[in-house]
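Asker: This is what each chain is made of:
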Amino acid sequence: MTSFTHLHVASAYSLRYGTAFPDALARRAAEHGMDALALTDRDGLYGAVKHIQACHAVGVDPIVGVDLATETRPARPGDEPARIVVLARSGGWAALCRLVTAAHHAGERGEPYVTPGMVAEHATGPDGDPRLVVLLGPRSGVGRAVAERRDEQARTLLAAWRSVVPELVVELSDLFGYHEANIATRMLALAGSMGVPAVLTNAVRYLDAAGHQVGNVLDAARKLVPLHTRHVENPTAHAYLKDGQEMARVAFKICGGDADRAGRLLARTRRVAEQCRLDPVEIVPLLDEDDPRLHLPEIGEDPVPLLRHRCEDGLIDRGMARSRDARERLAAELDIIEKKRLSGYFIAVAGITDMIRSMGIRCAIRGSGAGSLVNHLIGIGEVNPLEHGLLMERFLSEGRRGLPDIDVDVESARRLDCYRAILDRYGEARVACVSMMETYRARSALRDVGAAMGLPPHEIDVIAKAFPHVRAKQISAALSDLPELRDSGLNDRGLQNMFRLAERLDGLPRHIALHPCGVLIGNSALRDRTPVERSLLGFPMSQFDKDDVEEAGLLKLDVLGVRMQSAMAYSLKEIERVDGEKVELDAVPHDDRPTYDMIRTGRTLGCFQIESPGQRELVAKLEPRTMHDLIVDISLFRPGPVNSDMVTPYLEARHGYREPFYPHDRLKDALRETNGVVVFHEQVLKIIDVMTGKGLSFAEKMRRTLGTPAGREIVRSWFVPLARENGFDDAAVDKAWKVLDAFGGFGFCKAHAAAFALPTYQSAWLKRHHAAAFFAGVLTHEPGMYPNRVILDEARQCGVDVLPLDVNRSGREWLVERTGPVAPGGPGGPGIGEIGRGYGLRVPFSAVKGASDAEVDRMVAGRPYTSMADFWERARPSRPTAERIVEVGGFDALYGLRPGEPRWRPGELTRRDLVAQVGALDRASSTGVAASGAAVQLPMGFTEQVIPGELPEMTEVEAVEAELAILGMDVSRHVIAFHDELLDAIGVTRSKDLLKQRNGAEVLVAGVKVATQTPAVRSGQRVIFATLDDSTGPVDLTFFESVQAHTAATVFGSWLLLARGVVRRTGGRAVSLRAVRCWNLLDLDRLWRAEGIGAVRAVLNEQPASGTGVGGRPIEYGNGFRQSPYSDIGPTPGVREGRIRGHPAEPQRRLWHASSGSSGPPPGR
Amino acid sequence: MSRLYGDPIEVWVRDGQPAQFVWRDRLYAVRQVQDHWVVAREWWKTHDADPGERRFWRLEAAAGRDVGTYELRFDTASGGWLLLRAWD
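Taken in order, these protein sequences are the chains called A and B.
For the first sequence, counting from 1, position 403 maps to 403 in UniProt numbering; every step adds exactly one.
For the second sequence, counting from 1, position 8 maps to 8 in UniProt numbering; every step adds exactly one.
Treat the hints as calculated values from the structure; they're not laboratory data.
Every residue, glycine too, gets a C-beta built ideally from N, C-alpha and C.
Treat each hint with caution, since some may be false.
To be verified - Derived EDC-like pairs: lysine to aspartate or glutamate, alpha-carbon spacing no greater than 20 angstroms straight-line:
id	chain 1	residue 1	chain 2	residue 2
1	A	Lys668	A	Asp734
2	A	Lys253	B	Asp35
3	A	Lys253	B	Glu60
4	B	Lys45	A	Asp734
5	A	Lys340	A	Glu382
To be verified - Stretch-level coverage of chain A by chain B, calculated; a stretch enters the list once three of its residues show a Cβ under 8 angstroms from a Cβ in chain B:
id	stretch
6	176-184
7	203-217
To be verified - Cβ-to-Cβ under 7 angstroms is the rule here; a few derived chain B residues that face chain A:
id	residue
8	Tyr5
9	Trp23
10	Leu27
11	Ala40
12	Trp44
Make a model of the complete structure from these sequences and hints.
Answerer: Right, dumping it as structure tokens:
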């Protein structure tokens, strides 16, 4: 018996519908002995490339189609729209892509649909040759009419389709639901009577029957309803990938036991499958490793001589025309580029970066592309690879499979402007953005399952937020491993079903989104190769993700929005506005002593890449003095170098505690720049090249293989004999191999670090020399890991005045104001506490919670104001916004209010009086005025008059509380100041005094929590790093697993902390603490007020209850590095947000940070 | 007219289909399967990880010379058969 072919199969890429991934489906089909398999996802070709790759891997012929709606609104509310399946015939891929694009163009975003006319337009080629096959199944209009016994309508509909689509078949399926076989039998009869062929499918959406419950949950999640039989699409578990025998039984049943008819049905199904087999290499060219047919951009003329000319010009412009090194390097690079036929790509990218810069947008190259001299010569990047010893092979090499990827950083606030300009220039037919699939993780899975099971929304919220950002399949493990969840009461039996199902949703695609940076650059045939839909913001977006795009042979450029670039651009504008000084940031010399002095003391809060607690510790130890030191610093602070233990030997050799170690004299050249420690990918390439003499392209291929233990064995089997042949003795080969083995494929691309080091230095330079403007940029664009209150506090500690909101002086964003003379520059300039002296930062209108953009625009435009009533009328704020502005002192200057002063007497005007007046104004304008705008003027006389002193003024504490609630930061005073008395009573050490403590001393510290991180560390523990801010500087605390049983919940759950820790000196000017205990400062404060200092001391002296620490087996890497499964995922947020323990007095806005890193794509603002 | 029963019965299965059953001390031979469908249990209402499904068969069967139509139900969770209705 010949095998059956499934023609209707939904994978997980049918969003919130399918449950199985393409590779699993393809493997199962191969196990069933099937020689072809279709993928027909709902609404798009999101999984098509993965399906074709998976089929290719298991030797099954791929068939691709799509399952599309044929109506915008279902006939009856609550129903899903009618659907058809459209398969591409062999050679019909382009038609299918264009049909899917048209379907998305016709429908609302997320609700594509087709009409018979649209399908007809794409169904045949120019010569009338059929390109598509249309399947009308039980869910089509025809099928529904048959099910409801509207036979005449069914005939009419089928006839209508037949008249426009040449290749039409009726699709039968029987999933064993009530009456389904009967409907199939009648559809078979209808097809027979109309002369339309019929095929059998299983409308697959599960890999096996076990997928049924997940499918039910997805149905409920998609329809936003609780689970109920009436909402479930498949009443049975039979929509799985059945084998040929099972399908034959289904055919037999539908045909009423007539073996001949069943045989004809199966034969017809096979014939359609035959016609639809696709050539995998045509759609996924990279499956052909030797000669992939790429989709290249059009540039109007022959790109090869054009690129050569551009590079020649570049040599002259960059002053390298006489350099032999540069010429040789250029010839080698061009050789590879031309062999790969990529000249046009480089020309196109250079055109785009030129255009971005001409729009006045800061633009910098990032990543391995910085290693290419061609990129430097044609103006894509400013980094000269020859100056830093960067290698082209890391970016593009002969042996490298896949396409080069040029990444550029632009100002985040203008990234979309760049996209629009690119689209305008090349046209939507040639350009599209790349998409990405957002998948289910623990919290989103719990939310959808909770809703499906009908749990109340607030309970779902509490449960979901209790979990850290782990994968959904880690839910049960997290519940038993993490001390802060173990005691939370979530382990209740009633919730187990929910957790079990949420785990099953793990990794399923949930919705599609615009990739943060990828832009496809192609030619006019782009839409024959990929379907395109609209993103939320209206950009054309490929349905392929970044991996699919590369496999499909499409070239892309990554345009990343980097907030630090926006922040620096803003700073430069403020410098010019306030001081009239035009700073050329790119021309600033790279050897500024005061800048490096500031970095070396670890005062890098706000700076690009080096502001995290760990980096502050590292820069203090490393003491950078040059750009190269910064490149090394950035490269060392990565999981790879940290876990391969490169940091300690590097620091020891750098500071002369030990001799640099070189495995062999001839490797000195490669390793000298890092004192014998392998830090960069480029060094690995050089080592392999020197030892084997096989060239850098070969070395790059080997480096890529080093990533896995199996790969290292392979590399060893090549490397050792080659190095011996090359004349190295056994000992040298052995030593060199040990270095490579330890390096284990980790490390960092130096080109990438060099590209990062430039903005790092520039941001530090701005902070040191233009502190106020720098902080204004950072506060406005929020580029880093810290919330604004921390940045503001750092500004304060650099001598910058923080100026409260003032309706007459505040702007849309943070503004710099002159407040007095700058600090005198002694030898070495002013101290770090003085660098911002003479300048102030004005809180902007946009910082007011709830103020809309339109309100802010009016408030800025209407300045100056003469009174509250004047402001109310011309700025027209909403009542809550106006009240908030009063509460944070926006009218203090106008009315001469000084809240918090003890001298207030009844009869003096207060903020509370003004809040009352806002209410009066609101009532006046809503009663008298709504009808006509002119009438606004009438109640002026009444409202102008503020009756002073009826209500008491806000206390200082209330003022700060209002600031925290409304602005998210403490402007007038530091919050810790309210606890000074208690902290002094129990002898807390302040941050500025920590340096005076001896190593090993046990001290008490306190402060506002500003950051918690759980990065990967060498021991494989989950280590919590917390930073407190006590108004004199940061305090860095490390919580090891041994103390987490009694501290984790407090660290994550409180925002004012008191901790006991052991002093650890980490550098000349740096100290960190190993935490032993910690307490919630607010609890202690209450205790102190209620029962006095004795009770507080008693609590501090209690022994902690013993408990178990963090569970979970560490993840082991091949090089012996162990990592906690809970590292790098941040704290458990619910606990962090105080929801489980409940501190209602805490401000609701995000006051501290909990993500990692300061680069990368910005979250939506 | 059919009559409702719900009696536990014993069934012999061949090729995934009922072939014979005993009901009220009489042996019935299955002559033809008229319909077969499945209903999945509403698993979300229970604490069981998999409450299984119920398989229904509508059969023409004969006990001796008496021919009738019978509806049988198999519960995968309990493993038990019921005779639900009879048209005889």
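Asker: Going through the earlier hints one by one, which of them does the structure break, listed in rising order?
Answerer: 4, 5, 8, 9 and 10
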